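Novice: Can you build the whole structure from these sequences, using the hints too?
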Amino acid sequence: MGVTFRDINDPLIALLGGGRPVLVVGLGSSGISAANLLARMGCAVQISEKSKREDSMVDLSRLDPSITVHWGGHPVELFSRFPLIIISPGVPGDLEVLQRAAEKGTRVLGEMELAFRLTTAPWVAITGSNGKSTTVTLLDLMAREEGLRVSTGGNLGTPVTQFAEVEEGPEFIVAEVSSFQLESIEAFRPAIAAMLNLSPDHLDRHASIEDYVGAKLRIFSRMDENDWAVLNEDDEWVLRVTDDLPVGRFPFSRKHLLAKGAFVKEGWIVVREDGEGYPVTAASSLALAGTHNLENALAATAMACRMGIGRGAMAKVLQSFSGLEHRMELLGYFRGVPVYNDSKGTNAGATIRSLEGMGGDVILILGGKDKGTSYEHLEKVIRRKVTHLILIGEAAKRMKAAFEGAANIVEVSTLDEAMRVAVQRARSGSEILFSPACSSFDMFSGYEERGRVFKEAARKYIGLVR
95 MGVTFRDIND PLIALLGGGR PVLVVGLGSS GISAANLLAR MGCAVQISEK
145 SKREDSMVDL SRLDPSITVH WGGHPVELFS RFPLIIISPG VPGDLEVLQR
195 AAEKGTRVLG EMELAFRLTT APWVAITGSN GKSTTVTLLD LMAREEGLRV
245 STGGNLGTPV TQFAEVEEGP EFIVAEVSSF QLESIEAFRP AIAAMLNLSP
295 DHLDRHASIE DYVGAKLRIF SRMDENDWAV LNEDDEWVLR VTDDLPVGRF
345 PFSRKHLLAK GAFVKEGWIV VREDGEGYPV TAASSLALAG THNLENALAA
395 TAMACRMGIG RGAMAKVLQS FSGLEHRMEL LGYFRGVPVY NDSKGTNAGA
445 TIRSLEGMGG DVILILGGKD KGTSYEHLEK VIRRKVTHLI LIGEAAKRMK
495 AAFEGAANIV EVSTLDEAMR VAVQRARSGS EILFSPACSS FDMFSGYEER
545 GRVFKEAARK YIGLVR
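Take any residue in the sequence shown, count from 1 to its spot, add 94: that is its number in this note's numbering.
Source of the hints: derived by calculation from the structure; they are not laboratory data.
None of these values were measured; they are calculated from a predicted model.
Check each hint, because a few of them may be wrong.
Derived CB-CB ranges, DEER-like [said to hold, decoys possible]:
(1) E148 <-> E330: 46 to 56 angstroms
(2) K410 <-> P159: 19 to 29 angstroms
(3) G466 <-> V170: 26 to 36 angstroms
(4) E450 <-> M151: 34 to 44 angstroms
(5) G406 <-> E511: 24 to 34 angstroms
(6) G406 <-> A383: 17 to 27 angstroms
(7) G122 <-> N502: 31 to 41 angstroms
(8) G404 <-> S539: 39 to 49 angstroms
(9) G371 <-> T508: 44 to 54 angstroms
(10) D318 <-> G122: 32 to 42 angstroms
(11) I107 <-> K410: 38 to 48 angstroms
Dumping the calculated BS3-like pairs for lysine-lysine here, alpha-carbon to alpha-carbon at most 25 angstroms [unchecked claim]:
(12) K359 <-> K410
(13) K463 <-> K494
(14) K474 <-> K463
(15) K144 <-> K198
(16) K465 <-> K494
(17) K410 <-> K354
(18) K359 <-> K349
(19) K491 <-> K463
(20) K463 <-> K146
(21) K474 <-> K491
(22) K474 <-> K494
(23) K349 <-> K474
(24) K144 <-> K465
(25) K144 <-> K463
(26) K410 <-> K463
(27) K465 <-> K491
Cβ atoms here follow ideal geometry from the backbone N, Cα and C, with glycine treated the same way.
Specialist: Rendered as structure tokens:
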């Protein structure tokens, strides 16, 4: 099955197919997908992977047999051989070998940029610090309920290069987009782009908060007044950095009535466009709990409106979708005390949002790989909401210093021990929340594995995990 270039005059055409050499950097899911696509297009594909073969868990049977893998680092002499290099989202674009290759004329593109140029459907791209996966899922379900053909993935799951060879082309591509993916775009131009919120994140990768926000803002860099920006009117940072965007604006807000966009009025989610407004569903009818999920629902509703999705499809999904695994997932109860798995809370902003929807006697399990972000705002919420703080992982020492006096603090070594301490301290009116505010890579392969391990610990101590 062939692919179709978005632009028939794209200079990338001259670098693909016909046995031309292409190097893919990174052997994760996105790298494998991009490499296989390029091999099917007739390129001579090689992969550079920094880990050693013996340390890798990658199933090489997923790779096209024509592809060669180079393990154990990124040698300069390898990168100098290729006129085109495709980098996976986890690969920093400022690697010296990439910069040296670019200085010699090599084209360096991200896998999302490659996918965009090899697809013709309009893209609906969602970014922000928190809530992306939930919002993407809501929008995907709304589109399918409406009967639209959609391909959905990106940072959420399915690598976007897989959409280049869909037999019956989608009417929309819905993508969760990370700051890492946006670092390496050129022509990428979504028809609809959402900025859900902004809070400091990934400062272990980005040099500063300004660099992180700058990467996020690249989602709008090619858009104009014919495209739609869906922006959070309640997020002061979002409003400040998007004030002068030359695009159509269709915002959302849970606090304010809007002349245009999605908002809450008298307890109802309402959409207004061109002066006409209509109710979608009562806010109290949402299957998702929490004010942060109300914001996600409003964002999805605003984007669905711009996609032509009717209120019936919107309402049905909002009333039935109860959430993603590892995102404020209610596991069960220990003597009446609810236990939540929020392993996908990988930054302080996500944990703050989860805590804000809870009472004032939270037993919080926190910690993981330190991202280098400030804990100032999280400390204020912990002081209000948390009675017992259980710390784990690489970040535990710095967190203990940051949260001293805000709650009773215990340091532990494993999630099993954390859960044991949590149930020991639980009492009537308590809530147990695992929301790490850190990435998982100090102890786990990802937030999914971390969440599964926590669920096993919860099952052991409360015996009620679904």
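Novice: That 19 to 29 angstroms hint for K410 and P159 (C-beta), does it hold up?
Specialist: violated (45 angstroms)
Novice: When you take the CB atoms of G371 and T508, is the distance between them in 44 to 54 angstroms?
Specialist: holds (52 angstroms)
Novice: CB of D318 to CB of G122, is that within 32 to 42 angstroms?
Specialist: holds (33 angstroms)
Novice: So if I understand the rule, the pair passes when the alpha-carbon distance is 25 angstroms or less; does K144 with K465 pass?
Specialist: Since the Cα atoms of K144 and K465 sit roughly 21 angstroms apart, the hinted pair holds (cutoff 25 angstroms).
Novice: For K144 and K198, compute the direct alpha-carbon distance and say whether it is at most 25 angstroms.
Specialist: holds (22 angstroms)
Novice: Is the Cα-Cα distance between K465 and K491 25 angstroms or less?
Specialist: The given pair, whose Cα atoms are some 13 angstroms apart, holds under the 25 angstroms limit.
Novice: Taking the Cβ atom of G122 and the Cβ atom of N502, is their distance within the range 31 to 41 angstroms?
Specialist: holds (39 angstroms)
Novice: Does 34 to 44 angstroms hold as the CB distance between E450 and M151, or does it fail?
Specialist: holds (37 angstroms)
Novice: Could one say that the CB atoms of E148 and E330 fall in the range 46 to 56 angstroms?
Specialist: 49 angstroms Cβ-Cβ, so the 46 to 56 angstroms window holds.
Novice: When you check the alpha-carbon spacing of K463 and K146, does it fall within 25 angstroms?
Specialist: holds (22 angstroms)
Novice: Go ahead and decide if the range 24 to 34 angstroms is satisfied by the Cβ distance of G406 to E511.
Specialist: For G406 and E511 the Cβ distance comes to about 49 angstroms; the hint is violated.
Novice: K359 and K349: Cα distance at most 25 angstroms?
Specialist: holds (9 angstroms)
Consistency with the previously given hints fails for numbers 2, 5, 26, ordered from lowest to highest.
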